[in-house]
Every structure is written in C-alpha cells, then in structure tokens.
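There are 2 protein chains.
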Amino acid sequence: MNDRPIGVFDSGLGGLTVLKEIMKILPNENIVYFGDTARVPYGPRSKETVMKYTFQAINFLISKNVKAIVIACNTATARCLKEANEKYDIPILGVIEAGARTAAYSTKNKIVGVIGTEGTIRSKAYNLEIGKIDKDIRIIDKSCPLFVPIVEEGWANTDIASLTAKRYLKELVDENIDSLVLGCTHYPLLKRTIGQIVGEKVKLVNPAKETAKDLKKVLEANSVLRKDNSGVYEYYVSDIPEKFASIAGEFLKKEIKDIKTIEIQKY
Amino acid sequence: MNDRPIGVFDSGLGGLTVLKEIMKILPNENIVYFGDTARVPYGPRSKETVMKYTFQAINFLISKNVKAIVIACNTATARCLKEANEKYDIPILGVIEAGARTAAYSTKNKIVGVIGTEGTIRSKAYNLEIGKIDKDIRIIDKSCPLFVPIVEEGWANTDIASLTAKRYLKELVDENIDSLVLGCTHYPLLKRTIGQIVGEKVKLVNPAKETAKDLKKVLEANSVLRKDNSGVYEYYVSDIPEKFASIAGEFLKKEIKDIKTIEIQKY
Numbered sequence: 003m004n005d006r007p008i009g010v011f012d013s014g015l016g017g018l019t020v021l022k023e024i025m026k027i028l029p030n031e032n033i034v035y036f037g038d039t040a041r042v043p044y045g046p047r048s049k050e051t052v053m054k055y056t057f058q059a060i061n062f063l064i065s066k067n068v069k070a071i072v073i074a075c076n077t078a079t080a081r082c083l084k085e086a087n088e089k090y091d092i093p094i095l096g097v098i099e100a101g102a103r104t105a106a107y108s109t110k111n112k113i114v115g116v117i118g119t120e121g122t123i124r125s126k127a128y129n130l131e132i133g134k135i136d137k138d139i140r141i142i143d144k145s146c147p148l149f150v151p152i153v154e155e156g157w158a159n160t161d162i163a164s165l166t167a168k169r170y171l172k173e174l175v176d177e178n179i180d181s182l183v184l185g186c187t188h189y190p191l192l193k194r195t196i197g198q199i200v201g202e203k204v205k206l207v208n209p210a211k212e213t214a215k216d217l218k219k220v221l222e223a224n225s226v227l228r229k230d231n232s233g234v235y236e237y238y239v240s241d242i243p244e245k246f247a248s249i250a251g252e253f254l255k256k257e258i259k260d261i262k263t264i265e266i267q268k269y
Numbered sequence: 003m004n005d006r007p008i009g010v011f012d013s014g015l016g017g018l019t020v021l022k023e024i025m026k027i028l029p030n031e032n033i034v035y036f037g038d039t040a041r042v043p044y045g046p047r048s049k050e051t052v053m054k055y056t057f058q059a060i061n062f063l064i065s066k067n068v069k070a071i072v073i074a075c076n077t078a079t080a081r082c083l084k085e086a087n088e089k090y091d092i093p094i095l096g097v098i099e100a101g102a103r104t105a106a107y108s109t110k111n112k113i114v115g116v117i118g119t120e121g122t123i124r125s126k127a128y129n130l131e132i133g134k135i136d137k138d139i140r141i142i143d144k145s146c147p148l149f150v151p152i153v154e155e156g157w158a159n160t161d162i163a164s165l166t167a168k169r170y171l172k173e174l175v176d177e178n179i180d181s182l183v184l185g186c187t188h189y190p191l192l193k194r195t196i197g198q199i200v201g202e203k204v205k206l207v208n209p210a211k212e213t214a215k216d217l218k219k220v221l222e223a224n225s226v227l228r229k230d231n232s233g234v235y236e237y238y239v240s241d242i243p244e245k246f247a248s249i250a251g252e253f254l255k256k257e258i259k260d261i262k263t264i265e266i267q268k269y
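Chains L and Y, in that order, give the protein sequences.
As numbered in this note's numbering, the first sequence has no gaps in its residue numbers, which increase by one up to the final residue, 269.
As numbered in this note's numbering, the second sequence has no gaps in its residue numbers, which increase by one up to the final residue, 269.
It is worth saying that the hints were derived from the structure and are not from the lab.
Each hint should be verified, as a subset may be incorrect.
To be verified - Listed below are the simulated DSS-like cross-link pairs for lysine-lysine, each with C-alpha atoms no more than 30 angstroms apart in a straight line:
no.: 1; chain 1: Y; residue 1: K66; chain 2: L; residue 2: K49
no.: 2; chain 1: L; residue 1: K144; chain 2: Y; residue 2: K126
no.: 3; chain 1: L; residue 1: K268; chain 2: Y; residue 2: K259
no.: 4; chain 1: L; residue 1: K268; chain 2: Y; residue 2: K49
no.: 5; chain 1: Y; residue 1: K211; chain 2: Y; residue 2: K66
no.: 6; chain 1: L; residue 1: K126; chain 2: Y; residue 2: K54
no.: 7; chain 1: L; residue 1: K144; chain 2: Y; residue 2: K168
no.: 8; chain 1: Y; residue 1: K193; chain 2: L; residue 2: K168
no.: 9; chain 1: Y; residue 1: K89; chain 2: L; residue 2: K268
no.: 10; chain 1: Y; residue 1: K193; chain 2: L; residue 2: K89
no.: 11; chain 1: Y; residue 1: K193; chain 2: L; residue 2: K49
As the list claims (entries may be wrong) - For the chain Y half of the interface with chain L, some residues (derived, Cβ under 10 angstroms), not all of them:
no.: 12; residue: P46
no.: 13; residue: P147
no.: 14; residue: V150
no.: 15; residue: I152
no.: 16; residue: T160
no.: 17; residue: D161
no.: 18; residue: L165
no.: 19; residue: R169
no.: 20; residue: S240
no.: 21; residue: A247
no.: 22; residue: K256
no.: 23; residue: K259
no.: 24; residue: T263
no.: 25; residue: Q267
Beta carbons are placed, not taken as given, at the ideal position from N, Cα and C, and that holds for glycine.
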C-alpha cells in the first residue's frame, strides 16, 4: 500500500505549483500527475461539464493504483469535491478547505479577500468553507481572468501585471482586507506583484502549501506514508500544449521528462 | 436549396464578429452558428485535436442541412481547412485566405505584420497564403495571447490594452510594416488601441469582412443566394459560459435569444 503513488490532477499545468509543495513536504512519495491540457480551462465551464471531466481524471488516476488524490484545481474542487468523495473510496483532497482554514485563522479584522478564476469565485466555495469556521468573517471576492495568461507569458513581474493587479485588487484594498487567498494555482507566481499592490500588512495565503500539509496528515492517519527514499514522478497530459516545457519549468522549478499523452475521454 | 442555412463555426464566441459581417453583407440568409464553448480555446491544442473538434462541428452543421460553411476560427482554418474541403462536398470557407489576399494586395513596401493566437501563428498559414500571391512579401508574425482575455474583460480601450499592444507590436513597428492582419476573431474589437500603437499609416486588415465578401461570391457562383427578406438565426454552443450574454452582445452588437446547448462529442 505504502508504495502506491499519490494522484495529483489539474485542468492544466497550474497544479504543478501544488505538486511542487507536495514534493517538498513528502519527498519520499511516488506521484502521478495528470493535467487535462486538451480541455483547459475549466473556469468558464458549467458544473456538469467540470464534474464529467473531473470524474474521468479520477478514473484515470485510479487506473494507476493511487492511494490518495489531490484535486489541484480550484474550479474542480469548488464544483465537485463533495461528489467525488461520495463516489470513490480512497481519500480525495481539494485545494480549498486548507486555504480557507488558514485564512480564517490568520485574519484579525475578520475581512478576508479571495481571488480566483470565474468558476471558483462564482461557486462561493471559499466563502462557504470560511463561513463554516467563523460566520462573522466578511469576504470580498473577485475573479481575475487575466492573471493566468500573464503568468503563462512570463510577465508576472511587469508593469502590465502591476496595472492588472491594481485594477482587480483595488476594491479589496479599499475594503481593508488583512488576508488574501490566492485561489488559483497560477497565482503564487504573482505573489510579489500582488504583495506590492495589497501591501505587506495583508497576509497572502497559498492553498497549495496548506493542502500539502493536510495530505501528509491524511497519509499519516492512514499509516500509508512511503518509507523508501526519493519518490518517482510520472506526468500525463491529454494534449501537449505549445509552451509546455517553459511553463512546466517555471511552475515546478524542475525539468520534466517523459510526458505521456492519454485520451482522457476514454476513462 | 436557397433557403438552406449557412453554417458558421468557431471554437467559442469570437466567430460572432464574422457572423456580424456576414449578416451585413448577406442580410437575407438564414444562418446556424455553433460555438464550441466547452472546448475553447483551440489555440494551444495539437493539430490532431483541432481536426477532431472541427470535423465534429462540421458534422453538426451538416445535420442542420447547411448549404455552405464558414470556419470562423483562425486556428481551425489554419490547421485543417484543406482536410475539411477534401472530406466534405459543400463549400467550406476559412477566414485566412481572404485576409491574406487583402494584405498582399494592400502592402506597398512589401512588409506585412500578422498577429493571432499561438496556434494560428505557429501554423504559418497566413505566411503561406500571402507567399502564394507574392513571394517577395516579408512577414513579421507574432502571437498575442493576452488580447483575447482583455477583450472578454471589456478592457479593449484601457491602459492595460495599450501597454500589452505596445509590448506585442513593438517589433512589428520597428520592422516598418505597412499592413497588419488581425488574425484572430477577437482582435477587431481592439482595432482602435492597435491602430494607436501602430500608427495610421499601417492598414489594419480584418479577415472577417473579407471572408463575408468571398462567401457572397461563392453563393452567387453556385446560384444559391436566398431571395426572401430577413434571414433567421440559430445559435448553438457546447456549454454556456459565464459571460455569454455580455460577450455575445459586445461582439455581435445585437441581443441573442434561445441559445441551445448540444453535446458536440456525439457528432
């Protein structure tokens, strides 16, 4: 059981920032990553479509004999984590709960900002999770559709990124948030630019980091932590996108070899 | 035959700018529009994936008994217009040939710029078509991935649009282009901003307009122009995206009612 891999799934390559945090915290674990690059982005899609795609991804990972799955995609977590846990037997973690919890416990003035794709923001999933912990926390949320292509262009630290961040985040700063959830896997790469706009008094919460910590606890609780050294990583995508190598390198800070393409609609 | 509709297909909603030009030039025609919104964008996808999606879209339009099809998507035109015309009997037009021809005949210094999505630029389809007309024309091409989300945010006339256009278009201006092909259906909405960056001496070529003129000629040549007044329009998508109404309104300058959702992978 302990040698069975962890499955990590995202609609595209953003989930590699989550993979990176898991590798750091659980360096012994074998991991299978699947990026649904043929159907990215999930953000603007309907709940039914996202659920269908997510279940196909989970079916694929289960065919790889995984012992746990992290849905490293805010949209998919927001739309169907609950349904996924009802349908499957292995532990399935999303990226929202841990981020929401960290924000709820770190805010002092009880005003929290949440940014993400349209799908994540529309789902109100962070609001719901934060509300479960403390219903008095006020949440200012905002979708930021330009952030993903800015990161993918490698423009995270340009004037365009700053102006875009200023335009998106002005209302959150005006509302005096003291914690900001980076509710999209691409956003940690914009941490510096976002930090400059919101100021250093605002704590930036990276759900990827918090989720990796949660995963470790789940594996410990189930006594399935791998003992051997240095995990092995496998990468699967549903299509090889043009900038795969450069984007993957930037997200993971590590070269990726032997990426396999699969026909995900068969799962 | 004459009452049979024209089919217009795009990976998303950008093709509505092409639909708009067809409505202007051929106001009597019935039209069926299909936007593959569940699988947009095609730009970063492989040729095989784009071809599979395009053939499914054509099969759907043929099930609606269309007399001609316009592939109002630069990526799909670039990757598989030739294959589509080999496979099907009705006339299928793309958006590239007409735009390339207009640029080739309008340039005086024989230096032409072409901008589009990654897929379109990588395909070199405009270069190929322009080269067929005049092999001495030098082409400076550039992919501009931020332009689509900027248009969809309604930011076409902001400082962010200007800075992004400046960054993308600097090398084209430096190379002294005198014609610029707006090789993506979203880009006509950025015409003013792009015009300010490249200067008024550079002619902006809108392939949508040129394609609508070509379509009229094809229908005339086949004697299948519709005689009755005021065409009827039908809209189909593979998923209803969040901002459908606002984006469609901005692109078409007209309200869209009764959009039907279809399962495109069945075709």
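Consistency of the hints with the structure:
Under the criterion of a C-alpha separation no larger than 30 angstroms, the hint pairing Y/K66 with L/K49 is consistent with the structure, at around 28 angstroms. At most 30 angstroms may separate the alpha-carbon atoms for a hinted pair to count; L/K144 and Y/K126 exceed this at roughly 38 angstroms. Using a Cα cut-off of 30 angstroms, the hinted pair L/K268 and Y/K259 is violated, with the two alpha carbons roughly 35 angstroms apart. Taking the CA atoms of L/K268 and Y/K49, the gap is about 20 angstroms. The hint holds against a cut of 30 angstroms.
A hinted pair counts as satisfied when its Cα atoms are at most 30 angstroms apart, and Y/K211 with Y/K66 qualifies at roughly 25 angstroms. A C-alpha spacing of about 35 angstroms is found between L/K126 and Y/K54, which places the hinted pair above 30 angstroms, so the restraint is violated. As the CA atoms of L/K144 and Y/K168 are separated by approximately 27 angstroms, the hinted pair is consistent with the 30 angstroms bound. Annotation: proposed proximity of Y/K193 to L/K168 holds, straight-line Cα distance about 25 angstroms (limit 30 angstroms).
Between Y/K89 and L/K268 the alpha-carbon distance is near 26 angstroms, which keeps this suggested pair within the 30 angstroms criterion. Taken as a hint, the Y/K193 and L/K89 pair is broken in the structure, with Cα atoms around 50 angstroms apart against an allowance of 30 angstroms. For the suggested pair Y/K193 and L/K49, the alpha carbons sit about 35 angstroms apart, so the restraint of at most 30 angstroms is broken. A cut of 10 angstroms between beta carbons decides the hint on Y/P46: the least distance to chain L is about 4 angstroms, and the hint holds.
This hint holds: Y/P147 has a C-beta 5 angstroms from the nearest C-beta of chain L, less than the 10 angstroms allowed. Because the closest C-beta pair between Y/V150 and chain L is about 8 angstroms apart, less than 10 angstroms, the hint holds. Checking Y/I152 against chain L by beta carbon gives a least distance of about 7 angstroms; that is within 10 angstroms, so the hint holds. A cut of 10 angstroms between beta carbons decides the hint on Y/T160: the least distance to chain L is about 8 angstroms, and the hint holds.
At about 6 angstroms, the closest approach between the beta carbon of Y/D161 and any beta carbon in chain L falls short of 10 angstroms, and the interface hint on this residue holds. A hinted interface residue such as Y/L165 counts as satisfied when its beta carbon comes closer than 10 angstroms to some beta carbon of chain L; here the least separation is about 5 angstroms, so the hint holds. Because the closest C-beta pair between Y/R169 and chain L is about 7 angstroms apart, less than 10 angstroms, the hint holds. The interface hint given for Y/S240 holds, since its Cβ lies 8 angstroms from the closest Cβ of chain L, which is under the 10 angstroms cut-off.
Interface hint status for Y/A247: violated, as the beta-carbon distance to the closest one in chain L is roughly 13 angstroms, over 10 angstroms. Because the closest C-beta pair between Y/K256 and chain L is about 22 angstroms apart, greater than 10 angstroms, the hint is violated. Of the supplied interface hints, the one on Y/K259 is violated, with its beta-carbon coming no nearer than about 19 angstroms to a beta-carbon of chain L, more than 10 angstroms. Checking Y/T263 against chain L by beta carbon gives a least distance of about 8 angstroms; that is within 10 angstroms, so the hint holds.
Given hint, Y/Q267 at the interface with chain L, holds; its Cβ is 7 angstroms from that chain's nearest Cβ, closer than 10 angstroms.
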